[in-house]
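Undergrad: Once you have looked at the hints, place chain B on chain A.
There are 2 protein chains.
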Amino acid sequence: MLKRKKPLIFVTNDDGIQAKGLSELIKGIRSWGEIVVIAPDRMRSGMSSAITSSLPIRLHLKKKEEDLTLYSCTGTPVDCVKLGVNEILERKPDLVISGINHGSNSAICVIYSGTVGAALEACILGIPSLAISLTSYSSDDFTQAVKYGKWVAEKILENGLPQGRTLNLNVPPIQKVKGLKICTQTKGYWAKEFQKAEDPAGKPVYWLTGAFVNDEPDNEQSDEWALSQGYAALVPLQIDMTAYPLVHTLKAWEC
Amino acid sequence: MLKRKKPLIFVTNDDGIQAKGLSELIKGIRSWGEIVVIAPDRMRSGMSSAITSSLPIRLHLKKKEEDLTLYSCTGTPVDCVKLGVNEILERKPDLVISGINHGSNSAICVIYSGTVGAALEACILGIPSLAISLTSYSSDDFTQAVKYGKWVAEKILENGLPQGRTLNLNVPPIQKVKGLKICTQTKGYWAKEFQKAEDPAGKPVYWLTGAFVNDEPDNEQSDEWALSQGYAALVPLQIDMTAYPLVHTLKAWEC
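Heads up: the sequence lines are chains A and B, in that order. Here the numbering used here is used: the first residue of the first sequence is 1176, the next is one more, and so on. Here the numbering used here is used: the first residue of the second sequence is 1176, the next is one more, and so on.
Chain A extracted, bound-state conformation:
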């Protein structure tokens, strides 16, 4: 009987190659198969699905051990996935994991997140993928995020994912997470988004900041609700953004 081939797992993030969340994730899945990491050479938070089209992108090999190869990349998280799949990996990976991000990527943050952007990119390229985030900047204990991340990653390796779908996992920064809930993307937005300041020359500058406004605090299906109750929240996402019911309604606008 042929030995089953070891899974090939591609890892990236948006906090950069030096981030603790990345190294904790790698430690957690190190024994699963062949791990190839391409991560940004610096923090690229809030990069969404941005791509680098007007500058050349560089890769630097940082480490090569048995079953573990690490590169840093001057590009965005999405560039990292594209480069890995198009140029570095010899075959399509069995799974792409993006994270573990330091900070929440729940609710509307899926739109802004480079961590989620990388998972969406893998999905576009036909590869099962998962974004993992620890919903706190202050805690740097990734134990529970690694535990739940591994749970979901194993489920994906066993069962696959339907085409055009990826998964977004957020884990609260508490010692004992209660369990995993499958959720929807919480409706809401960021308010009071800027802090106005002056540079040393007295010229005005704006710093992005703000507070999340939850438009459906009582929706027990939403990821914000699950997180607030001490659960890890897993939201299935799709890359087709078409608002199908409107396609019909808007027919009256054709000309």
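Careful: at least some of the hints might be erroneous.
All copies of an identical chain are treated as equivalent in the list; a pair is satisfied when it fits inside any one copy or across any two copies.
As the list claims (entries may be wrong) - The calculated lysine-lysine pairs, modelled on DSS-like cross-linking and capped at a C-alpha distance of 30 Å, are:
#1 1426 / 1330
#2 1362 / 1330
#3 1239 / 1371
#4 1351 / 1267
#5 1367 / 1267
#6 1426 / 1362
#7 1238 / 1378
#8 1426 / 1353
#9 1322 / 1426
#10 1238 / 1351
#11 1351 / 1371
#12 1239 / 1426
Keep in mind the hints are simulated off the structure, nothing from the lab. This one's a predicted model, so the numbers in the text were calculated from it and none came from an experiment.
TA: Showing chain B alone in chain A's frame:
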């Protein structure tokens, strides 16, 4: 009888404040009401919904005439919308238009596009919005894109848009566009994405390039199909990326 208040229209793009597509759009809607423009100070294509969180953002007033104010901004297209709505405009605009982009934002490009990112951002902030693109880098005749953009913009001003929905308009670079079709986001992806080269020191660099692969060339509902037939293609998009059918299926993964 009270005079109806002039509409307030906010305009941005991702090609930058100097782009012809932006000035042609402004010319086309100049008489409609009060126009406020905040656009990136340089080309920011492929920026998706990226935000600037680690650097201060600057605004520069470029022009102030009756009913027309223009600022350039050091941030991304999404930053431009956030700054406009949070800091510059005295009230919520009646409409946000992003464009006219020079190059296609059909199919999966909605995920990477800064033009679409800005329209999505307005939608997140509860403002009716529209992204407009001319599907060619070589043609710079924006006449038809302005014509169809105005058609759709007027429909939005008359009828509004449902919450959480925005519109993505692509117009082909032909002299006589046949009409407007309401479409779905074409399924597909970009292949052969990099050109490997060497810098002057002989070190390898990667340039993003590639070709779009259409996974559903016969789908007459898709935006790529409409464009290929000489129609302008309007796709309604939604900011909720939840893959709802999967929420049910994945319940078995809860723990």
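Undergrad: Hint by hint, say whether it matches the structure.
TA: For each hint, the structure was consulted:
| no. | hint | verdict |
| --- | --- | --- |
| 1 | 1426 / 1330 | between (41 Å within a copy, 12 Å between copies) |
| 2 | 1362 / 1330 | both (27 Å within a copy, 26 Å between copies) |
| 3 | 1239 / 1371 | between (46 Å within a copy, 22 Å between copies) |
| 4 | 1351 / 1267 | neither (35 Å within a copy, 43 Å between copies) |
| 5 | 1367 / 1267 | between (43 Å within a copy, 14 Å between copies) |
| 6 | 1426 / 1362 | both (27 Å within a copy, 21 Å between copies) |
| 7 | 1238 / 1378 | between (44 Å within a copy, 19 Å between copies) |
| 8 | 1426 / 1353 | between (47 Å within a copy, 16 Å between copies) |
| 9 | 1322 / 1426 | between (48 Å within a copy, 18 Å between copies) |
| 10 | 1238 / 1351 | neither (34 Å within a copy, 56 Å between copies) |
| 11 | 1351 / 1371 | neither (39 Å within a copy, 47 Å between copies) |
| 12 | 1239 / 1426 | neither (56 Å within a copy, 39 Å between copies) |
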